[in-house]
Structure formats: C-alpha cells, structure tokens
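Protein chains in written order, with the working numbering: chain S, 1 to 442; chain B, 1001 to 1442.
Everything labelled a hint here was simulated from the structure, so no lab data went into it. Predicted model, so just to flag it, every value in this text is computed and none were measured. By construction, the Cβ of each residue, glycine as well, lies at the ideal position given by its N, Cα and C atoms. Some clues are possibly wrong.
Pairs of lysine to any residue, SDA-like flavour, derived with a Cα cap of 20 angstroms [as the list claims (entries may be wrong)]:
id : chain 1 : residue 1 : chain 2 : residue 2
1  : S       : Lys-42    : B       : Asp-1149
2  : B       : Lys-1395  : B       : Ile-1372
3  : S       : Lys-315   : B       : Thr-1203
4  : B       : Lys-1315  : S       : Tyr-210
5  : S       : Lys-122   : B       : Phe-1112
6  : S       : Lys-315   : B       : Lys-1315
7  : S       : Lys-313   : B       : Gly-1206
8  : S       : Lys-314   : B       : Ile-1372
Some chain B residues close to chain S (C-beta under 8 angstroms, calculated; not the full set) [as the list claims (entries may be wrong)]:
id : residue
9  : Thr-1133
10 : Arg-1152
11 : Leu-1158
12 : Ser-1169
13 : Tyr-1208
14 : Tyr-1210
15 : Ser-1296
16 : Ile-1297
17 : Arg-1298
18 : Lys-1315
19 : Ala-1326
20 : Phe-1441
Examples of chain B residues lying across from chain S (beta carbon under 7 angstroms, computed) [claimed, not checked]:
id : residue
21 : Glu-1110
22 : Ser-1111
23 : Arg-1113
24 : Phe-1114
25 : Leu-1116
26 : Met-1131
27 : Tyr-1134
28 : Gln-1171
29 : Ser-1172
30 : Asp-1207
31 : Phe-1318
32 : Asn-1320
33 : Thr-1368
34 : Val-1426
35 : Asp-1428
There are 2 protein chains.
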Amino acid sequence: MLDIEKNQNRTTHLYMEVYEYYRKLILDGKMAPGSKMPSLRKCSQELKLSRTTIETAYLQLAADGYIMAKAQSGYYVTEIASHQHINNQPGTHKETYYRYDLASSGVDKESFRFDLWSRYMKSALRQNERMLTYGEPQGEADFRETLSDYIRERRNILCSPDDIVVGASFQSLLQILCPLIHEVYPEFHRVSFPTPSFVHGSTVFGDYGYEICYRNKDCDVVYVSPAHMTKWGEIMPVKRRLELLKYANERHHLVIEDDFENEFVYFQKPTPSLFGLSGGQGVVYIGSFSRLLLPSIRISFMILPPELLNAYKKKAGFYNQTASKAEQIALCQFIRDGHLAAQTRRLKRLYSSKLKQLRRSVRQVFGTGCQIQVGAAGTSLALTLPYEKSGDELKKQASEKSLHLQILKESEKDVTVLMSCSSMPVQDFIPACELLKSVVFD
Amino acid sequence: MLDIEKNQNRTTHLYMEVYEYYRKLILDGKMAPGSKMPSLRKCSQELKLSRTTIETAYLQLAADGYIMAKAQSGYYVTEIASHQHINNQPGTHKETYYRYDLASSGVDKESFRFDLWSRYMKSALRQNERMLTYGEPQGEADFRETLSDYIRERRNILCSPDDIVVGASFQSLLQILCPLIHEVYPEFHRVSFPTPSFVHGSTVFGDYGYEICYRNKDCDVVYVSPAHMTKWGEIMPVKRRLELLKYANERHHLVIEDDFENEFVYFQKPTPSLFGLSGGQGVVYIGSFSRLLLPSIRISFMILPPELLNAYKKKAGFYNQTASKAEQIALCQFIRDGHLAAQTRRLKRLYSSKLKQLRRSVRQVFGTGCQIQVGAAGTSLALTLPYEKSGDELKKQASEKSLHLQILKESEKDVTVLMSCSSMPVQDFIPACELLKSVVFD
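So here's chain S without its partners, still in its complex pose (with noise of 0.2 angstroms):
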C-alpha cells in the first residue's frame, strides 16, 4: 500500500506522491489501460488524505496523459500508458497476426457447423439440475458411455465407460497419468517420445521428474503417436506397431498411444490401435477432439489397463474434472446425434483434397529445386529448400513480411519448412508459396 508519511516538514507536496504511486503503478502495467481509477471519495478515505489533495494528483496525471476524464463517470488509464507497460516488459507473450499462416494448427473455418455447435451447447445449458453440481471426477457419466461405444465402431477398442478418464487436455491426463505410474511401476524412470516436437507431452514427464528419451525401445514408458510421428504425417506402419508391442511386452515396458489425427490417414484404411492390438494390456490409450470440432473445446480421455485403472480408482475422487460439463453433455448428444462421425467424414474429404492441392501449388512455384515429404496422414507437408543462412534468420525475414512459418530442420545448405494446409484457404497457397519464395532466394 501507500505509505503517505504526513509529515509537515517535508517540503515535497503530497499531491506528487499520490501522483509517482499511481504513475507507477500504470507503467508497470499493475492497473491496465480502460480501468477505472478509485474515484476521489474513496481514494480520499483509503489513503487518509484531503479531496483536494487527490484530485490535485489526478488533474497532473490527466495532465501527463496516464490517466482521462469521462463524464459522470470517473478517471480511466489511458492507452498510452499500455504501450509503454508492454514494451517495458521482456518476453511477455504476444500473439501476432499474420496475413499467411503456414504454421497454424487451427481448423479450416468452412468446416465447422457453428450453428449447431451452439445449437447443443444451449440445450446442455438448459439442463438447469445438472448444471448446478461438480461434474464427476472421472468425467459424465453418459459421455463416457457414448464415448465406449464410439472408440468401439471407431477404433475397434473394447473398453468399458468406467475404464475412461475424461479430461480438459491430454496434458490434463498426463498429470493424473505421471503420478499413477510413478506408484504402480516405481522402478520407471525414463520415457521416450517420438521427437522433440512433443513437448506438450514430455515437459508433463519432465515436471515428475521422469528423463526424456526420443526413438529409444528400450525405455520404460513409450510414448507414440502412431498416426502423427511426424509433423508431416508419417504413420507408424502396422508391422512396425505389432513389433512394438510385442518388444514392450516382453519387457514389460508401459505404452502410451496418443491416437492424435487417426481420423486423417488417408491413403490406405484407418490404422488399428494399439490399444485394440494388444487387448489393452499395457496401452494406455489417449483420444482427442481438437482437430474434428474446434480447438478452443476442450476435451480428450485416456483409456487406462487394469493395473493403473485399479490405482486411478482409489484415487479417483481426489482429482476434479477438469473439462467443462457443458461441453461434455453437448458433445455426448452431438455423437449420439451422429454429427461426429459426419464432420470426422467431411474434414476428411477436406484435408485430403487441401494437402494435395498444396502439394500442387509448391511444385507449381518452387519447380524441381526442392523437396517435398508428406506422409499418410495430417494435414501438412514438410518442404526442404536451399538457403544458407539460419532457421531463425528465414523465419525472422519472412515475418516481417507477415508470412508466419515453423522450422523443421536444417543444415548449412538448406532448410525444412512446415506447409500446414488445415486453416488456410485454397486460394491462399499460391501467394503464400510465391512469398515464401520471395523470402528464400531474395
């Protein structure tokens, strides 16, 4: 607080330290630009200081532009002061807008039927009974029900509802997950991931103190995505996937499958699971939908073995649900109603004609001097080009002309660029493509 000492002899006037508190306290970004200055009468009470005396103050900050008047309403922080707080502050996150975006993970805005998103948010939010509790910690219990029987016809996987953990995030789970491990195998200590890209996933391990591997069998927990090993889609071959299995079983090693982007495979039948493939024993199985609905809905579920299954039980009640009822009974209905399957079947199509289309485009500009890895799955490509200076330094150059790129790879003579096709627009690729050209051989 405030420490006004009142002292009479002190010859600086008092007006001014009200003044250098609040001035402060708005560069430094504590009172943000558009709130409310306390008005005069309580600012007057709370610091035991004369009206006139904070209003002296707040006619001098008016003054120096901090602050502005609104009629009948009192003092607000300005703007101002807002541009000078955000330079101020080193590394604060800023999220830049960009006119291409070939890094974006976001979905593809035609895709996605709004109106009836909302339609099942609002009757969710009419079950006025349902709504006034704590949801179960382990996640609706109808959802899961639905969700049983949608791996099932999905994914070939035969679980039954209790053996589902919903949560917000896979990250979410993770941390319930970690724990769960640490007291069923205790003798685990390393895992491995498929690359450094999964940092979501390994900085949960990190936190409980677990080492990270990548590509390495013979750890303890491994971690796969079999329809995502890499950025660009590679999928995890089924011979490859049963030799897993049978490596991991032998030595009693614990699975994790991130199931991410199943749903995109697109030359050849949708993959088993792991899960599916051993029966469920030692697989933990983890599902997403941020790729099928919208990313900012929050939901995914892990399939747990019986061992951690057993421990999650006792334990069950000491973790709160974290992903939003609301969301939880829309998106059961949303399944049962069949929308799911129906939107799985159109961003399908979707992705599939885009990630060729863009394959088009960057042959289209690039010609033959460069090369193009997709996989069988997702929705990018990984396209490799000559260029001799750093990663950082194209990324950097092709920003500032608004062209937003992630960096694969890259060596003293070339450079390997993320092409995502999931939430730009056909008719962008080609000006998208010519920019980055720009950038590269300018």
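Got chain S; can you put chain B on it based on the hints?
Positioned in the frame of chain S, the structure of chain B alone reads:
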C-alpha cells in the same frame, strides 16, 4: 399401459403397482431424466384410479428419488436411472441420489440466472474466428485484463494481466505451479495445509513428491485459505494474516493463498487478501468462480509473484490452456457487464439468510442438546451430537434413509456432522433435521 388388476382380493396396495410401473419405466430409460410425469388428474383418468392413489404413488417415487416435484409445475424424472445403471457396475465411482443432501457443495438452484449465462455463452460461441484456434496458454488476454480489474476492485489486489495464469481448476493451476516451485526453490520439500480435508490440493503436491504437513508454519510452502480455514467457515483474522506474512517473509517461505469463498464473509467487511497485504511478494494468489457461478463452469486463475512468473514465462508455451475458450469469453463479458458483482451480492444475501435459517432449524429440532459451530463465512455449520456408535455407522444409516452426511469429527461420546445450506431449499431444513434426529436418537 399399466394393467392394474382391480381385484378386490389383492392385498398389495394399488399405489404400489403404480409406483412399480413408473419405477420400471424410469430405470429402463423409457422415461428420460428431465421428462415430465403425467399430471395427477390425467394419470388418474387414464388409469381409472383415484387421485389419492396416484398422489401416494408419486410421493413414494419422489421420496425414493425417482422423480422430483417442481412448484406449480408438476413432477419430473430425475437422473437416478443413469446413476443406478452405473451403480450396477462394480468398482465404479458412485453418485447416489439423496433426498436430503447435507454434504453438498452445489449452488442454490434458484440463485443462478441460467438464461442470462446461456445468452453470454451463445454470444461467445458466435465469435467463430476466435473459436477456430487454440486458446492462449496463459488464458485469453481480454479475460485476464478483466480479471485484473475485477480483483483490484474486489480484493484490492494490484497486478497486471500478465501476472495472471488461467486454468480449468485450481488443481490444473497447482499442476503448473508445483514444477515452477521446484525449479525456483529446489530446496523446498514440505508443504503445510490447514486441515487434511484439503485433499485436492495436497494430492497434487504429494504427486510432485512434496511432504504434506498440517497447520505447520515452519513448512517451506504454506497453503492457506483465509476465508475457509475449516469447512464451517472459520476465517483467519487480519492480525493472524499479518503475523503469517511476517513469519513467512523472514524465513523466505512461499505462501499460497487460496481465496475460496472470500465473497461469503458475512459478519464483517471482506477481509484483506494476503496477496494485497504483502504487495504480492512471496505470495501466490488463487481465485475461482465455482461458488459464484455454476460449479460445472471450470475456470480458476492464479497470480504469480515475480520469481515464479519469470520461470513460468519460459515454459508458458509448453502447457496447453485447460479452461474452455468459450467459457472464458463468456465470463469476461459477464464480469464487464457487472453480472458477476450482482450475482455475488445476491448469493451473499441468500446464503447469509439461509445459514441463519438453518441454524434456527437445528436449534428448533435438536434443542439445547447439541453444539453448533458457525464461522464468519461460508455456507455451512458444524453440528455436534451425542452419539456412541461410529461416524461411518451414522453415515450408513442416514444414507439408507436417503440422507447424505459428511462426518467432520467423532469421539467415543459424540459425532460432528457438516450441515451445508447452499444447495438445499429452505423448506427442507426442518425435515432434514428431523430425519437426522431420528437416525441419531432412534
């Protein structure tokens, strides 16, 4: 249709046949939760039975939790069928329906303006462009700005939107906080909680390897909930708050202030927050809305002091946001339009009056043979009654009469139960007390 044999020889009561008929329909899912029962008049006409018979059957169905009455509207099917279905599965987390729930932490169903919230959600869902992308890891920028204004006004806490981290629940936030504490203060090992009932918090710290203590001011991390020191709403006096801060500050301990139920401090002015008193030095502030809005809306936030904030900034991108984006957007506008403040005033008045009423009802039913503890905050009181059997036994016997209890303490001679007024309608206070009395003294 119901085939009532009006055989005069039958000994079972007619109303039991009506009861069984509807009970079966509900359990088989043929009458969905929320659907309306036929009116007494209509049912009596159709079944050619007296209105009294039907009414008796309905009352029994209601007493057993299959249907519930809504004033001036009629009877509606409850969610009991879906719960029973789950109950049939062994090992499942059970959510049982109770006629009287003295342990519930739900909200008063008359208090929440569902239509209003639904409007804000709809308007959030209409922001199509915004819903297409993942949320900011730290929480939506405009929401954090609104939060910083809100807590400045309500809790006299000065912080920048940049200091705030949003998450689906306080547990999600602790799961980010624990690794940060470990990184910044690797020498910290022991965490103190007010009582063992803070199981959701202590579970997370336990998962990260911290040793848990209770009311131990010499721990490295001191977790306190100043407006909710006990389940019956004891608050931490300002003098004690200042002492705690001084003690922690001298020893460089970290204080975590869980500001749960600070809104429901009745008998004095809202007490100052530790974060505000300390100027944000060495204190992490955690706030939530589950007691003001619907428990099913999953949004909490924390304010980090500088050292932890710096460590967070470096890792922010590695954690997905867990709170629903739509709910963040809706709540942001809900707060800006003054509805949260209004809802807080409404609830404070309501709970204060209900708590007084509950106290009167307890006195009326139990007379002077009981001891009542009421704190200065919250929605519950603690009732101590002479009872020589075990608390578990009391709980079980109450449960058989569809009364849900939480046992706070027990000795050889007496037992202390929690009585929460938040979700129970006032007209149920006396019947619930009578039922408890019959279980204890019969």
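Right, here's what the structure says about each hint:
1. S:Lys-42 with B:Asp-1149: The hint holds at about 16 angstroms.
2. B:Lys-1395 with B:Ile-1372: Answer holds: B:Lys-1395 to B:Ile-1372 is near 19 angstroms, not above 20 angstroms.
3. S:Lys-315 with B:Thr-1203: holds, 9 angstroms
4. B:Lys-1315 with S:Tyr-210: holds, 17 angstroms
5. S:Lys-122 with B:Phe-1112: holds, 16 angstroms
6. S:Lys-315 with B:Lys-1315: At roughly 28 angstroms apart (the allowed maximum being 20 angstroms), B:Lys-1315 and S:Lys-315 break the hint.
7. S:Lys-313 with B:Gly-1206: holds, 17 angstroms
8. S:Lys-314 with B:Ile-1372: violated, 33 angstroms
9. Thr-1133: holds, 4 angstroms
10. Arg-1152: Given a least distance of 7 angstroms, the restraint on B:Arg-1152 holds.
11. Leu-1158: holds, 4 angstroms
12. Ser-1169: Constraint on B:Ser-1169 satisfied, holds at 4 angstroms.
13. Tyr-1208: holds, 7 angstroms
14. Tyr-1210: violated, 12 angstroms
15. Ser-1296: With a closest approach of 4 angstroms, the B:Ser-1296 hint holds.
16. Ile-1297: holds, 7 angstroms
17. Arg-1298: holds, 5 angstroms
18. Lys-1315: holds, 7 angstroms
19. Ala-1326: holds, 6 angstroms
20. Phe-1441: violated, 31 angstroms
21. Glu-1110: violated, 10 angstroms
22. Ser-1111: violated, 9 angstroms
23. Arg-1113: Nearest chain S Cβ about 11 angstroms off; hint violated.
24. Phe-1114: holds, 5 angstroms
25. Leu-1116: violated, 11 angstroms
26. Met-1131: The hint holds - B:Met-1131 has a Cβ within 7 angstroms of chain S, the shortest such distance being about 5 angstroms.
27. Tyr-1134: Result: holds, 4 angstroms to nearest chain S Cβ.
28. Gln-1171: holds, 5 angstroms
29. Ser-1172: holds, 5 angstroms
30. Asp-1207: Holds, because the Cβ-Cβ distance from B:Asp-1207 to chain S comes to roughly 4 angstroms (cut-off 7 angstroms).
31. Phe-1318: holds, 4 angstroms
32. Asn-1320: holds, 4 angstroms
33. Thr-1368: violated, 35 angstroms
34. Val-1426: violated, 16 angstroms
35. Asp-1428: violated, 15 angstroms
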